[in-house]
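Listed below are the residues making up each chain.
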Amino acid sequence: MTSAVAAAGVSKVFNPGTPEEVVALDGIDLEIATGEFVSLIGPSGCGKSTLLRLIADLVEPTSGTLTVNGKTPHEARLDRDYAMVFQRATLLEWRTVAKNVQLPLEIIGVDPDDRERRALEFLRLVQLDEFADHYPWQLSGGMQQRVAIARGLVFDPALLLMDEPFGALDEMTRERMQMELLDIWRSTGKTVVFVTHSIPEAVFLSTRIVVMSPRPGRITAVVDVDLPQPRDFDTREDPRYYEKMTEVREALRAAGVGGS
Amino acid sequence: MAAMAEVVGRRARAGGVPPAFRSTVWFLAVVVSLVLAWELYKVVGKALEGTVPLPIRPDDTSMPHVWDILGELFTRRSPSEPILLVVLLRESMFTLREALLGFAFGTAVGFGLAVAFSQSRLLERSFMPYVVASQTVPLVAIAPIVVIWGAKIGWPVWVSVAIISAYLVFFPVTINTLRGLRSPDPTVLELMRSYAAGRGQTLWKVQVPAAMPFVFSALKISATASVVGALVGELPSSLNRGLGRALLTFMYTFVTGPEKLFAAILVASSLSLGLVAVIALVEHRVLGHRRLAG
Ligand SMILES: Nc1ncnc2c1ncn2[C@@H]1O[C@H](COP(=O)(O)OP(=O)(O)OP(=O)(O)O)[C@@H](O)[C@H]1O
Ligand SMILES: [Mg+2]
Numbered sequence: 063m064t065s066a067v068a069a070a071g072v073s074k075v076f077n078p079g080t081p082e083e084v085v086a087l088d089g090i091d092l093e094i095a096t097g098e099f100v101s102l103i104g105p106s107g108c109g110k111s112t113l114l115r116l117i118a119d120l121v122e123p124t125s126g127t128l129t130v131n132g133k134t135p136h137e138a139r140l141d142r143d144y145a146m147v148f149q150r151a152t153l154l155e156w157r158t159v160a161k162n163v164q165l166p167l168e169i170i171g172v173d174p175d176d177r178e179r180r181a182l183e184f185l186r187l188v189q190l191d192e193f194a195d196h197y198p199w200q201l202s203g204g205m206q207q208r209v210a211i212a213r214g215l216v217f218d219p220a221l222l223l224m225d226e227p228f229g230a231l232d233e234m235t236r237e238r239m240q241m242e243l244l245d246i247w248r249s250t251g252k253t254v255v256f257v258t259h260s261i262p263e264a265v266f267l268s269t270r271i272v273v274m275s276p277r278p279g280r281i282t283a284v285v286d287v288d289l290p291q292p293r294d295f296d297t298r299e300d301p302r303y304y305e306k307m308t309e310v311r312e313a314l315r316a317a318g319v320g321g322s
Numbered sequence: 006m007a008a009m010a011e012v013v014g015r016r017a018r019a020g021g022v023p024p025a026f027r028s029t030v031w032f033l034a035v036v037v038s039l040v041l042a043w044e045l046y047k048v049v050g051k052a053l054e055g056t057v058p059l060p061i062r063p064d065d066t067s068m069p070h071v072w073d074i075l076g077e078l079f080t081r082r083s084p085s086e087p088i089l090l091v092v093l094l095r096e097s098m099f100t101l102r103e104a105l106l107g108f109a110f111g112t113a114v115g116f117g118l119a120v121a122f123s124q125s126r127l128l129e130r131s132f133m134p135y136v137v138a139s140q141t142v143p144l145v146a147i148a149p150i151v152v153i154w155g156a157k158i159g160w161p162v163w164v165s166v167a168i169i170s171a172y173l174v175f176f177p178v179t180i181n182t183l184r185g186l187r188s189p190d191p192t193v194l195e196l197m198r199s200y201a202a203g204r205g206q207t208l209w210k211v212q213v214p215a216a217m218p219f220v221f222s223a224l225k226i227s228a229t230a231s232v233v234g235a236l237v238g239e240l241p242s243s244l245n246r247g248l249g250r251a252l253l254t255f256m257y258t259f260v261t262g263p264e265k266l267f268a269a270i271l272v273a274s275s276l277s278l279g280l281v282a283v284i285a286l287v288e289h290r291v292l293g294h295r296r297l298a299g
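One line per chain: the protein sequences are A and B, in this order. So the first sequence is numbered by the numbering used here: it starts at 63 and just counts up by one. So the second sequence is numbered by the numbering used here: it starts at 6 and just counts up by one.
Think of the hints as simulated: they come from the structure by calculation, not from any bench. The structure presented is a predicted model; accordingly, all values stated were derived computationally and were not measured. Where is the CB? At the ideal position from N, CA and C, for every residue including glycine. Warning: the hint list may mix true and false statements.
[What the hints assert, rightly or not] Facing chain A, according to a computed beta carbon distance under 8 angstroms, are these residues of chain B, among others: (1) Ile61; (2) Pro63; (3) Asp64; (4) Val193; (5) Ser199; (6) Ala201; (7) Ala202; (8) Val211; (9) Arg295.
[Unchecked claim] Over 10 angstroms on every C-beta distance to chain B, these chain A residues come out as not near it, computed from the model: (10) Asp119; (11) Ser125; (12) Thr129; (13) Thr152; (14) Arg157; (15) Glu168; (16) Arg180; (17) Gly251; (18) Glu312.
[Claimed, not checked] Straight-line C-alpha distance at most 30 angstroms; calculated DSS-like pairs for lysine-lysine: (19) Lys157(B) x Lys161(A); (20) Lys210(B) x Lys225(B); (21) Lys210(B) x Lys133(A).
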């Protein structure tokens with residue numbers, strides 16, 4: 063079985079040879095098996111978004127090799143193997159919420175009836191079906207982000223690349239969205255690569271946590287989270303949940319990041 | 006008390022004064038102020054005459070009374086003719102036809118150029134300088150050439166005039182549309198890239214919609230330009246029709262009847278104004294639901 067993502071010695075240098083040169087990533091080795099839920103955690107600027115963008119073929123690695131579903135990232139992108147949920151919602155302001163969610167389906171060429179049905183289905187999932195005919199500016203930031211998540215899920219990609227998708231949500235919504243995401247992940251067998259700043263979130267969601275450090279961006283530790291599946295409200299009360307949080311916190315501290 | 010509160014409440018729910026009404030009031034206020042300023046200048050100017058130098062003589066030949074200008078609109082020049090307003094409106098329709106064709110043609114060319122430039126930096130670098138240079142050639146120099154060439158090809162003269170009008174129209178459309186096509190957030194373009202969207206899809210689903218507010222700004226400029234272009238285009242033509250020709254005729258007879266020229270100018274401005282108003286209306290319908298429309 064091919065892995066969903068395989069990076070070997072991947073590095074990314076922005077503006078090489080100029081005074082603004084930034085080594086965003088250096089010597090990244092990472093293998094993510096199909097069906098895994100992997101979180102990337104680390105301080106601001108350690109290259110989490112850059113790593114997602116490399117997988118998504120939005121930037122090219124400076125060196126190293128990277129495959130996605132056994133293909134080059136370019137081929138995987140053309141095959142629409144993944145959906146990217148960006149750090150900001152990036153909705154089209156002239157489209158209604160429903161039309162925004164339909165956008166990828168339009169591009170793929172799904173017929174209109176099917177588009178509407180599927181968009182509504184995923185809007186229901188993020189509990190925004192009542193807002194289908196609203197425009198993005200009529201929604202709060204957290205609601206906009208949920209629309210963006212629905213838009214990512216709607217075309218059923220095998221790989222989900224999510225860049226702090228729940229960062230703008232309140233605690234209640236966040237926990238509900240985490241449960242929904244886990245449901246989708248479990249029932250569809252998708253692979254998820256998930257960027258977060260939150261240790262509890264990473265531990266609750268992931269099968270593995272990749273801890274990164276900045277300047278240059280490196281992987282400093284990989285923590286296996288062998289908490290029982292499916293995760294539910296009991297998970298947050300399991301003593302092993304707290305042990306894992308401590309383990310991740312120490313890995314971050316060892317990486318020279320301090321508390322957080 | 007309670008009844009009054011209810012009335013106030015109802016008015017607030019109705020959204021107060023509609024914005025279209027408010028802008029109409031403002032527009033009329035400006036018109037009235039201009040009329041007052043005009044007449045005040047005449048009164049004060051007459052009182053001061055001979056003591057201070059005045060830029061324009063306040064007499065009735067240089068600056069006829071506003072009511073005389075309006076009165077002229079309802080006067081027949083000869084018993085066999087309708088009143089001047091009707092004559093001018095007929096000529097306006099002729100000019101409007103030229104302006105509308107010029108507007109449509111110029112907008113299509115302008116939009117097409119902007120789309121082409123947005124797709125290729127090389128095209129933009131090669132041809133944009135000529136687009137800019139085209140506007141440095143004075144229209145009065147181009148107009149006769151187009152009319153002469155048009156006659157050789159066998160176009161009706163009003164079509165040649167429309168071409169002259171299009172020459173003024175396309176430029177603001179090109180510049181503004183191009184800016185609009187380049188305005189989307191880079192992350193949105195990345196989103197489209199992540200869907201493996203084709204260039205055409207990105208163009209029609211993201212760039213063109215994002216450009217619409219810019220396009221409408223351009224269309225308002227172009228609408229007035231299309232009328233100016235048509236007026237100027239008529240001057241060297243052999244036509245004896247159109248508002249531009251009327252302006253020319255009344256310029257010759259200014260000394261004996263200055264009111265006629267001012268009356269024709271009023272009608273010409275109203276024509277432009279009407280076109281801009283139509284575009285603003287369409288803009289409101291198309292972009293009304295966007296946050297920053299306007
Ligand atoms: N397009 C770019 N051009 C130049 N430098 C860039 C570019 N994108 C990212 N960088 C740099 O690369 C480094 C990593 O950025 P990245 O956005 O991947 O960090 P991050 O881990 O996602 O941070 P955050 O948690 O704040 O989102 C930063 O130092 C950033 O300045
Ligand atoms: Mg980031």
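Going through the hints against the structure:
1. Ile61: Constraint on Ile61(B) not satisfied, violated at 49 angstroms.
2. Pro63: 53 angstroms, violated
3. Asp64: It is violated, given that the least Cβ distance between Asp64(B) and chain A is near 56 angstroms, above 8 angstroms.
4. Val193: Hint on Val193(B): holds, closest Cβ of chain A at ~5 angstroms, below 8 angstroms.
5. Ser199: 5 angstroms, holds
6. Ala201: This interface hint holds because 5 angstroms falls under the 8 angstroms limit.
7. Ala202: The hint holds - Ala202(B) has a Cβ within 8 angstroms of chain A, the shortest such distance being about 5 angstroms.
8. Val211: With a closest approach of 7 angstroms, the Val211(B) hint holds.
9. Arg295: 6 angstroms, holds
10. Asp119: 8 angstroms, violated
11. Ser125: Per Cβ check, Ser125(A) is outside 10 angstroms of chain B; nearest 22 angstroms; holds.
12. Thr129: 17 angstroms, holds
13. Thr152: Given a closest Cβ separation of 5 angstroms, the condition is violated.
14. Arg157: 8 angstroms, violated
15. Glu168: 7 angstroms, violated
16. Arg180: 15 angstroms, holds
17. Gly251: The assertion about Gly251(A) holds, with a minimum of 21 angstroms to chain B.
18. Glu312: 35 angstroms, holds
19. Lys157(B) x Lys161(A): At roughly 52 angstroms apart (the allowed maximum being 30 angstroms), Lys161(A) and Lys157(B) break the hint.
20. Lys210(B) x Lys225(B): Status holds; Cα separation ~24 angstroms.
21. Lys210(B) x Lys133(A): 29 angstroms, holds
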